[in-house]
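Start from the sequences, fold in the hints, and give me the full structure.
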Amino acid sequence: MTPTLNPLLWMIPILPLAGAAINGFFGRKASRNAISAVALVFCGAAFAVALWIAVHFSSASSPYYFPLAHWLRSGTFSVDFEFYLDQLSLVMLLVVTGVGFLIHIYSVGYMWDDDGYYRFMSYLNLFMFFMLTLVLAKNYLVMFIGWEGVGLASYLLIGFWFTKDSAAAAGKKAFIVNRIGDFGFLIALFLMIKHFHSLDFTAVFTQVSAWPTETASVGILTAIGLLLMVGAAGKSAQIPLYVWLPDAMEGPTPVSALIHAATMVTAGVYMVARSSVIFEHAPTAMTVVAIIGTLTALFAATIGIAQTDIKKVLAYSTVSQLGYMFMACGVGAFSAGIFHLMTHAFFKGLLFLAAGSVIHGVGGEQDMRKMGGLRLYMPWTFATMGIATLAIAGIPPFAGFWSKDEILWRAFGASWVYWLSGVITAFITSFYMFRLMYMTFGGDDYRGAAAQEAHGHGGHGHDDHGHGHGEPHESPWVMLGPLVILALLSVIGGFVGYGNRFEHFLAPVFQGATGIAPETAPESAGSTLEYLLMGVSVSVAGLGWFLAYLLYSRVPQLPARIAAGLGGLYRAVVNKYYIDELYAVLFVKPLIDGSTTILWHGVDQGVIDAAVNDSADAARHMSDELRHMQSGNLRSYAGWVAAGGAVVIAYMVWMGVR
Amino acid sequence: MDIPLSYYLLLSGILFACGVLGFLIKRNIITIFMSIELMLNGVNLSFVAFAAHWHALSGQVFVFFVMVVAAAEAAVGLAIIIAVYRTRETLNVDQVNLLKL
Chain A
140 MTPTLNPLLW MIPILPLAGA AINGFFGRKA SRNAISAVAL VFCGAAFAVA LWIAVHFSSA
200 SSPYYFPLAH WLRSGTFSVD FEFYLDQLSL VMLLVVTGVG FLIHIYSVGY MWDDDGYYRF
260 MSYLNLFMFF MLTLVLAKNY LVMFIGWEGV GLASYLLIGF WFTKDSAAAA GKKAFIVNRI
320 GDFGFLIALF LMIKHFHSLD FTAVFTQVSA WPTETASVGI LTAIGLLLMV GAAGKSAQIP
380 LYVWLPDAME GPTPVSALIH AATMVTAGVY MVARSSVIFE HAPTAMTVVA IIGTLTALFA
440 ATIGIAQTDI KKVLAYSTVS QLGYMFMACG VGAFSAGIFH LMTHAFFKGL LFLAAGSVIH
500 GVGGEQDMRK MGGLRLYMPW TFATMGIATL AIAGIPPFAG FWSKDEILWR AFGASWVYWL
560 SGVITAFITS FYMFRLMYMT FGGDDYRGAA AQEAHGHGGH GHDDHGHGHG EPHESPWVML
620 GPLVILALLS VIGGFVGYGN RFEHFLAPVF QGATGIAPET APESAGSTLE YLLMGVSVSV
680 AGLGWFLAYL LYSRVPQLPA RIAAGLGGLY RAVVNKYYID ELYAVLFVKP LIDGSTTILW
740 HGVDQGVIDA AVNDSADAAR HMSDELRHMQ SGNLRSYAGW VAAGGAVVIA YMVWMGVR
Chain B
19 MDIPLSYYLL LSGILFACGV LGFLIKRNII TIFMSIELML NGVNLSFVAF AAHWHALSGQ
79 VFVFFVMVVA AAEAAVGLAI IIAVYRTRET LNVDQVNLLK L
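In order, the protein sequences belong to chains A and B. Quick note, the first sequence lines up with residues 140 to 797 if you use our numbering. Quick note, the second sequence lines up with residues 19 to 119 if you use our numbering.
Some clues are possibly wrong.
What the hints assert, rightly or not - Not the full set, but computed from the structure, chain B residues with beta-carbon under 7 Å of chain A:
#, residue
1, V38
2, L39
3, F41
4, L42
5, N110
Stated by the list, open to error - Sample of chain A residues lacking proximity to chain B, with all beta carbon distances greater than 12 Å (derived):
#, residue
6, S305
7, W555
8, L559
9, D583
10, R586
Quick caveat, the hints were computed from the structure, so don't treat them as lab data. Where is the CB? At the ideal position from N, CA and C, for every residue including glycine.
Pasting the structure below:
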């Protein structure tokens, strides 16, 4: 299929960039209304253009492209600024602009009182620009620009409250951990240049298709696939690089929703799905993707059980759900992974926004142990968050059920191990999400009021809005509106996948990859088995709900007893398996010590500084001696001249004789 | 029979060396000045000797130039010496050392 030119394509990323520039340069003096108008109009315009294109895009027609500018030309190798839109990018585009626009609206309410309001809005728009560049890229290098750009925006927004040490540290951590992943991505790009002499998606994939599948051996495609996965693991917070995402919760909650739940962290999934052709030709890399995804899903879910910070629970949940998506990609079900990416963007964005609404309502508190009974105070937040919880737990007919079931079904087709891990994860997910709901909204008593009076409120360092208040209150409509829309999407979003329509829609993108038409995929094989598995996953979700109800609503004293009974295991889970501490001992401390002793004291002070200082000292001492030549004595000067002349003559005579 | 070139050059060298020596050991500016003249004339002698030896006129012309420069130098130099004597009341170069750091 030859792509057709679409002159509107460039506007989608550029519009938010213009908004970011206007707010960034002129926002300091502008009124909050003007800032909001600029941010919303430019982001909304991008969404409108995306919708316009989506309406005119039919799956039968060819992909769109738009060459914006020439960039690198080196012999036969060239990379241009080109945008590209096919079914896969279209899904991403709509998710990013749609959810992004909703979160922009929400941010107006959430961040209104913050002094850095203009800065926040500018960063959000900047993030949109980079994210849209990432999804609309036509080659890996433009994608990499977006990839790095969203990392930058993420860093800026995590450390938005940069006067707080923990936020600044979290921003740095996110940036550095991502850098490890980006390193892998970059090397993958170099390998592609070396072996395919191109970074253009179409060109690379065409060449890869002609290569034999590396089933028995481990070759260059496997290497590229694994390196791409390293990049994806960094950006999408997979084992072993997931550690930055929970810390990223230091950022304002809309940021957590937009960047660290709905869009940026899914960039890794998008990249793997985009490179599906490469992965299909490298089964080893595929298996690694699947294993990493499965492990991450299970591992992060177990950590989520014991967290008490409402945003940390959601953060680990995000890591876990991203693991699902990688599991799907790893078993070849790319469209299922993208499907889950989409529904996850709806319900996880909603969960974070609702959590933000809760935090807003209780005056900056994030500890769920100090909440409770909030359904009486904030019914809308409760209702929408409840829908999102049902969706993520996989209760039909909510969105999460469809996509998760699709992934589990396809995983079962690959290996029952993946499926079993997925089902266990689904059970844990359901448990910790309903635990969150019961702890936050359940019960009749609001535990925060007493605690706040005892503390003299406002002393908590979290999303602090400065206005301490004992009574929780419902959020304004500018925040509830996006919640309601996302709740709607979380309810109906799954139906686009009904009857494999979503898979058919994406089929042209992945056809080259899977090599099998979706009709012949295992769905048609045994519907009895499929319904059986569906029943299992729904019942474990129900079981998780029941368990959470039992522990956190019926017998609230039971969790403490269980925790005491588990002893060391419970402490390990509460402390996130000491992974941060392990990394600190294994990597951070050796690096800091090595840098201090070898690089700082050894190389920098011992070699570089020493060379500079010693040469300066030598010059000074030599000058100190030579200074005595300048005696002011006329006859000594004359003597030097005569001596010099004598030396010159002696030299000339000497050389002349030779 | 011509006097060999080396004789002239030897005399020229001796004159020049005398000039250098005088320049180095004498303290009186006038004497130093005279030593400089001695050096110049030592060089002049070598010029004319070479010119006679090689039958080339340029050596002779050079001597005239040196003489002109020497005359100019003498005029300026003596003026400076008088000015120095008027302000410092000495002609000892070791005491004329205001430019020393």
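At 12 Å, judged by beta carbons, does A/W555 keep clear of chain B as stated? 93 Å, holds
Minimum Cβ distance from B/F41 to chain A below 7 Å? Cβ of B/F41 sits 5 Å from chain A, so the hint holds.
Are all C-beta atoms of chain B more than 12 Å from that of A/R586? A/R586 is indeed farther than 12 Å from all Cβ atoms of chain B, at 82 Å.
A/L559 non-interfacial with respect to chain B [C-beta, more than 12 Å]: 90 Å, holds
Decide, holds or violated, for the assertion that all CB atoms of chain B are farther than 12 Å from the CB of A/D583. 92 Å, holds
Measuring from the C-beta of B/L42 to each C-beta in chain A, is the shortest one below 7 Å? It holds, given that the least Cβ distance between B/L42 and chain A is near 6 Å, below 7 Å.
Hey, does the B/V38 contact hint survive, CB to chain A under 7 Å? Interface hint status for B/V38: holds (5 Å vs cutoff 7 Å).
Regarding the hint that B/L39 lies at the interface with chain A, is the smallest CB-CB distance below 7 Å? 9 Å, violated
Minimum beta-carbon distance criterion (7 Å), B/N110 to chain A: 10 Å, violated
Decide, holds or violated, for the assertion that all CB atoms of chain B are farther than 12 Å from the CB of A/S305. 60 Å, holds
Going down the numbered hints, you'll see the structure goes against 2, 5, while the others check out.
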